[in-house]
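Novice: Whenever a hint applies, use it, and build me the whole structure from the sequences.
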Amino acid sequence: GDSVTQMEGPVTLSEEAFLTINCTYTATGYPSLFWYVQYPGEGLQLLLKATKADDKGSNKGFEATYRKETTSFHLEKGSVQVSDSAVYFCAYLFGATNKLIFGTGTLLAVQP
Amino acid sequence: GAVVSQHPSRVICKSGTSVKIECRSLDFQATTMFWYRQFPKQSLMLMATSNEGSKATYEQGVEKDKFLINHASLTLSTLTVTSAHPEDSSFYICSALVNTRLTDTQYFGPGTRLTVL
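Here the protein sequences come in this chain order: A and B.
Residue numbers for the first sequence follow our numbering, beginning at 2 and rising by one.
Residue numbers for the second sequence follow our numbering, beginning at 2 and rising by one.
Be a bit skeptical, because a hint or two may be false.
DSS-like mimics (lysine-lysine), calculated; alpha carbons at most 25 Å apart, straight line [to be verified]:
1. B:21 with B:56
2. A:53 with A:100
3. B:56 with A:100
4. A:100 with B:15
5. B:65 with A:100
6. A:78 with A:57
7. A:100 with B:67
8. B:21 with A:100
9. A:78 with B:42
Hints are computed from structural coordinates only; laboratory data are not their basis.
All values derive from a computational prediction rather than experimental measurement.
Specialist: Dropping the structure here:
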């Protein structure tokens, strides 16, 4: 069935390291794809999105490219900061119902 | 982006009482809102879809009589946890759907931490 698979965390990096969080999806058609970020004790914030194949979403130094051929939407950042420490959720929009299908979330811990 | 607020941010109540959580879209109208529940260190679990002016659609396994949802206006949806018990303690998050030409996007509220004693 429809699902999103994220790499398991926690991911622990030193400040200024390169970040990749893998995300793949199983869905019919070509859904819109999202990355949300959740800081401790808070709700989710939309980080970036892509609506069609080869689209690149970007925000705050984060990027993700919609790869139809590999059904992936990996999140990357060239140089992480301590303030990026949070849980990152990959998701896609199930168009018929507008429901979001979430991955399990990946905890990122950035150490100074 | 669109701003969604929730009130209260935290609530502690006694077992057996009812608690109402409000979700508001502050700078846009939302015909569709969603209610989620999140357990510690887990992903979000969709509870129900709230549609303005009609009954909410509940996900399988969610008790509609226990989690009452009202979406009486285009900017407000409420979730009432009736006769709350300690197992209802959780983080409840709402989202509002924004329709754009490119795609529909859900914008989330900051969440409400419910603790039932």
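Novice: If a hint holds in the structure, say so; if it doesn't, say that too.
Specialist: Quick rundown of the hints versus the structure:
1. B:21 with B:56: Holds. Residue 21 (chain B) to residue 56 (chain B) sits at ~17 Å (cutoff 25 Å).
2. A:53 with A:100: holds (18 Å)
3. B:56 with A:100: holds (17 Å)
4. A:100 with B:15: Answer violated: residue 100 (chain A) to residue 15 (chain B) is near 33 Å, above 25 Å.
5. B:65 with A:100: holds (18 Å)
6. A:78 with A:57: Between residue 78 (chain A) and residue 57 (chain A) the Cα gap is close to 13 Å, so the pair holds against 25 Å.
7. A:100 with B:67: holds (22 Å)
8. B:21 with A:100: holds (23 Å)
9. A:78 with B:42: Judged against 25 Å, a Cα distance of about 23 Å means the pair holds.
In this structure, the one hint that does not hold is number 4.
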